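Protein sequence lines, in the order shown, are assigned to chains A and B.
All the letters of the first sequence, read from the start, carry residue numbers 1 to 278 under our numbering.
All the letters of the second sequence, read from the start, carry residue numbers 279 to 792 under our numbering.
Derived by calculation from the structure, the hints in this document are not laboratory data.
Small disclaimer: the values here were computed from a predicted structure and weren't measured.
Keep in mind that a hint or two might mislead.
[To be verified] Derived DSBU-like pairs: lysine-lysine, alpha-carbon spacing no greater than 35 Å straight-line: (1) Lys94/A <-> Lys588/B; (2) Lys176/A <-> Lys132/A; (3) Lys94/A <-> Lys71/A; (4) Lys588/B <-> Lys176/A; (5) Lys588/B <-> Lys64/A; (6) Lys241/A <-> Lys588/B; (7) Lys588/B <-> Lys132/A; (8) Lys241/A <-> Lys71/A; (9) Lys64/A <-> Lys227/A; (10) Lys63/A <-> Lys588/B; (11) Lys63/A <-> Lys227/A; (12) Lys241/A <-> Lys132/A.
[Unchecked claim] Listed next, the stretches of chain A that the computed footprint assigns to chain B, with coverage defined by at least 3 CB atoms under 8 Å from CB atoms of chain B: (13) 104-115; (14) 127-140; (15) 149-162.
We put the beta carbon where it would ideally sit given N, CA and C, even for glycine.
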Amino acid sequence: MSRLRLSRRTFVKTLIATGAAATLPSVAKLAETWAAESHSPHARKTQRRWVMVIDLAACDGCKKCTAACQKEHFVPFGQEWIRVFETGNNPYDKQNFPLPCQHCEIAPCVKVCPVAATYHNDEGIVLVDHNKCIGCRFCMAACPYGVRFFNWTEPKHSPQEQFVQYSPEFPVPHRKGTVEKCMLCAHRVKIGRLPACVEACAAAEMWAIWFGDANENLVTNGRDVAKLTDLLAEGRAFRYKEELGTHPRVYYLLPDRRDRRPADSRKPAGKSDDPYRP
Amino acid sequence: MTPTVPDPHPEERPVLRPLQRTGWGFRLLVAALLAVIAAGAYAYVTQLRLGLGVTGLNNRVTWGIYITNFVFFIGVSHAGTLISAILRVTGAEWRRPITRMAEAITVFALMVGAPMVLIDMGRPERILSVFRYGRLQSPILWDVISITTYLTGSLLYLYLPLIPDMALLRDRLTEVPRWKRALYRALAAGWRGTPRQHAALERGISAMAIVIIPVAISVHTVVSWIFGMTLRAGWHSTIFGPYFVIGAIFSGIAAIITAMGAFRWVYGLGGFLTDRHFRNLGYLLLTFNLLYMYFTISEYLTIAYGAEVKDTTLVHALFYGAFSHVFWVMLIIGLVLPAVLTLIPHLAPIDLLRRVPALRPIPLGVGAAILGGVGATLHVRGVAYVNTTLGVHHDVVLVAAGVLGAAAFLALLPVLKQRPVASIVLASLLVNAGMWLKRYIIVVPSMALPITPTEWATYQPTWVEWSITAGAFATFILLYALFAKIFPLISLWEVREAKVPEPAPGARAQEVVA
Ligand code: SF4
Ligand code: SF4
Numbered sequence: 001m002s003r004l005r006l007s008r009r010t011f012v013k014t015l016i017a018t019g020a021a022a023t024l025p026s027v028a029k030l031a032e033t034w035a036a037e038s039h040s041p042h043a044r045k046t047q048r049r050w051v052m053v054i055d056l057a058a059c060d061g062c063k064k065c066t067a068a069c070q071k072e073h074f075v076p077f078g079q080e081w082i083r084v085f086e087t088g089n090n091p092y093d094k095q096n097f098p099l100p101c102q103h104c105e106i107a108p109c110v111k112v113c114p115v116a117a118t119y120h121n122d123e124g125i126v127l128v129d130h131n132k133c134i135g136c137r138f139c140m141a142a143c144p145y146g147v148r149f150f151n152w153t154e155p156k157h158s159p160q161e162q163f164v165q166y167s168p169e170f171p172v173p174h175r176k177g178t179v180e181k182c183m184l185c186a187h188r189v190k191i192g193r194l195p196a197c198v199e200a201c202a203a204a205e206m207w208a209i210w211f212g213d214a215n216e217n218l219v220t221n222g223r224d225v226a227k228l229t230d231l232l233a234e235g236r237a238f239r240y241k242e243e244l245g246t247h248p249r250v251y252y253l254l255p256d257r258r259d260r261r262p263a264d265s266r267k268p269a270g271k272s273d274d275p276y277r278p
Numbered sequence: 279m280t281p282t283v284p285d286p287h288p289e290e291r292p293v294l295r296p297l298q299r300t301g302w303g304f305r306l307l308v309a310a311l312l313a314v315i316a317a318g319a320y321a322y323v324t325q326l327r328l329g330l331g332v333t334g335l336n337n338r339v340t341w342g343i344y345i346t347n348f349v350f351f352i353g354v355s356h357a358g359t360l361i362s363a364i365l366r367v368t369g370a371e372w373r374r375p376i377t378r379m380a381e382a383i384t385v386f387a388l389m390v391g392a393p394m395v396l397i398d399m400g401r402p403e404r405i406l407s408v409f410r411y412g413r414l415q416s417p418i419l420w421d422v423i424s425i426t427t428y429l430t431g432s433l434l435y436l437y438l439p440l441i442p443d444m445a446l447l448r449d450r451l452t453e454v455p456r457w458k459r460a461l462y463r464a465l466a467a468g469w470r471g472t473p474r475q476h477a478a479l480e481r482g483i484s485a486m487a488i489v490i491i492p493v494a495i496s497v498h499t500v501v502s503w504i505f506g507m508t509l510r511a512g513w514h515s516t517i518f519g520p521y522f523v524i525g526a527i528f529s530g531i532a533a534i535i536t537a538m539g540a541f542r543w544v545y546g547l548g549g550f551l552t553d554r555h556f557r558n559l560g561y562l563l564l565t566f567n568l569l570y571m572y573f574t575i576s577e578y579l580t581i582a583y584g585a586e587v588k589d590t591t592l593v594h595a596l597f598y599g600a601f602s603h604v605f606w607v608m609l610i611i612g613l614v615l616p617a618v619l620t621l622i623p624h625l626a627p628i629d630l631l632r633r634v635p636a637l638r639p640i641p642l643g644v645g646a647a648i649l650g651g652v653g654a655t656l657h658v659r660g661v662a663y664v665n666t667t668l669g670v671h672h673d674v675v676l677v678a679a680g681v682l683g684a685a686a687f688l689a690l691l692p693v694l695k696q697r698p699v700a701s702i703v704l705a706s707l708l709v710n711a712g713m714w715l716k717r718y719i720i721v722v723p724s725m726a727l728p729i730t731p732t733e734w735a736t737y738q739p740t741w742v743e744w745s746i747t748a749g750a751f752a753t754f755i756l757l758y759a760l761f762a763k764i765f766p767l768i769s770l771w772e773v774r775e776a777k778v779p780e781p782a783p784g785a786r787a788q789e790v791v792a
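Could you build all of it, start to finish, from the sequences and the hints given here?
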């Protein structure tokens, strides 16, 4: 009948249909990345899975880890990327409790960041890209461990700091208006060194912090090397706020254990030397 | 000025007068608002220069009154949707004179509310990253999407019913400045009022009315999800979506009543905004008040009864602790008093109060002077307590203020009973204030709550935050006042079209002026 006379209505319809057809695949792609990024922690098999184990029985609360961390990263004033809390039910029952970022496998901070400034790197470490962070502080609201800090003003810059090439793995120099936290010394572990806090704890002869790779099932505290699974089982390990489902990569060994050297106490199962736990 | 032909609609003159003439009052208002906005701008420049460190925010309480303002204004923006869309869709005829004001509130509240997030950002210059690197799994993206949709939709929804009025002004206001005439001509978009144009417009408006309702609901739902999606006590709650939506509509109704009251008083629009409108909106306000009470009780009873440690810590702080002052003031002025005020015309025993001598103005004034003096003295000594726990002195002052306020309220009741409109407007003002406090109570305590083995955090907003907040409110009022100078506040063509004409509008107008 009419030669190529598209009515306006048909034209609009075609346009919408084409638009929808073009958008659908990208929506599907988005759903895919979403699933991969934040909902199935084990979906991505990474070559390394760094973990930290903190032996609460060995920690004496000297805060050398905090000091070493601050020195290593030129941490801005007012921030403690690994903070040693004092807990306990009464003054005679004090318990030290070092708290770094837990590097959650299902990290609430990573979930909510609108621009992917907070992300998991290929070794499972949660990093912050300060070139991307828009300073909305949603991640601070979302983190259940309160380990994130904000640069409220321009941080003081020391001379050494100025020579550092910025990278999310070593976020120096620090920037106003962005969020900071423990990055598990990603810059050190990359070249085979232990995180600064682990080294400092060993140097103070506490050996309370273990660090290693869960894929290799090996951890070290700077003196001994232990099998991660044994260490966790014998230390009756727990993870902080495990019930939240964040799957932290930081484990804690119970403070009230009888033996203080979990790595070499290999008792046969069922025969505990703990009188209170037969 | 005087039309050559007899004016067929003399009752519309009060609506058109503000568009034709600008008095000193208006200029003064604009000057005052601009001064407040300038102070806010100065504060913001300070913040840009020195960083968010100039606010009271800290690493524990990372969101404060900026986010409070954001939630508040987005809530207020629900005025337009409710009044005009829901009432339009349900065919409530009495809505006709108030739709325009409501729709304008929506647009301006969004224009002021959305930038609050930008002001809260540490790196505002990176705002475009949200579009470039945006991740759909972040609730912030949900907000960006739904608020921009809502703003676009409500601009359209404000504009469509404006078209016939623009044509009307184009034809009628021939003596206004040239830019205004050009504006009217452009916005009228060639409207001639033909049946075909009418049919198309009606179709467009009904479609927008239906589309805008789910968009509005989504907006406040996703605002609540910013909080609801985290794991914090007091936020991580499944009722947050509906709770926020009801609260938004509640404060939206309060906002529209406030605006109606102001314009009826300033421009003498009593011929259009009759007692009936205030009464009907008063009932709506009461309904949503009760709904909001219901949600509030469900929320706190559930977490207090379950008594998880983090929840009880929060509830204790709200009920008796550091936040109890704000909390109870919010409950009283935001929910209880407005409920009483909207019910006043139906409370017979109120007239008996006239017989109580202690409630007469003179004893009340003397009492106020004495209590005020004592309070001021104690306050000076009590300032040191403000930052940590509020000291004993403060409690004395607060109790005194409470007693005095209650007495004043009782004394006012009989007066208010004779002025139902005034009492509904007063209720709406209180609701506005109460809902702002409620947003504060939602945002701040959950952040100050200890989530690691520490103490409660403190947060004291600084002058920067208060100035910017005042600037935001001034901007809102300024936008609205300018709107009222350019566009008719009443949708004239819709009122003319009304099937049921309002009874004797002229008589009402006089009653108000008197
Ligand atoms: S502890 Fe907090 S900052 Fe660290 S990964 Fe978990 S949620 Fe993110
Ligand atoms: S503050 Fe930065 S890292 Fe945190 S959620 Fe916002 S953009 Fe992401």
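Structure-based check of all given hints:
1. As the CA atoms of lysine 94/A and lysine 588/B are separated by approximately 22 Å, the hinted pair is consistent with the 35 Å bound.
2. At most 35 Å may separate the alpha-carbon atoms for a hinted pair to count; lysine 176/A and lysine 132/A meet this at roughly 13 Å.
3. With a CA separation close to 27 Å, the supplied pair lysine 94/A and lysine 71/A stays within the 35 Å bound.
4. Among the hinted pairs, lysine 588/B with lysine 176/A is consistent with the structure: their alpha-carbon atoms are about 32 Å apart, no more than 35 Å.
5. Of the supplied pair hints, the one linking lysine 588/B and lysine 64/A holds, its CA atoms being roughly 31 Å apart against a limit of 35 Å.
6. Our distance criterion of 35 Å between C-alpha atoms is met by lysine 241/A and lysine 588/B, whose separation comes to about 12 Å.
7. Annotation: proposed proximity of lysine 588/B to lysine 132/A holds, straight-line Cα distance about 33 Å (limit 35 Å).
8. Between lysine 241/A and lysine 71/A, the direct Cα distance comes to roughly 29 Å. Compliance with the 35 Å bound is thereby established for this hinted pair.
9. With a C-alpha separation of about 25 Å, the suggested pairing of lysine 64/A with lysine 227/A holds against the 35 Å cut-off.
10. In summary, the hint linking lysine 63/A to lysine 588/B is supported, as the alpha carbons are separated by about 28 Å, within the 35 Å threshold.
11. Between lysine 63/A and lysine 227/A the alpha-carbon distance is near 26 Å, which keeps this suggested pair within the 35 Å criterion.
12. Restraint check for lysine 241/A and lysine 132/A: satisfied, since their Cα atoms lie roughly 29 Å apart, inside the 35 Å limit.
13. Proximity of the stretch 104-115 of chain A to chain B, defined as three or more residues with a beta carbon under 8 Å from a beta carbon of that chain, is established by the 6 residues found.
14. With 8 residues carrying a beta carbon less than 8 Å from a beta carbon of chain B, the stretch 127-140 of chain A meets the three-residue requirement, and the given coverage holds.
15. Residue count for the stretch 149-162 of chain A with a Cβ under 8 Å from a Cβ of chain B: 6. That meets the three needed, and the coverage hint holds.
In this structure, every one of the numbered hints holds.
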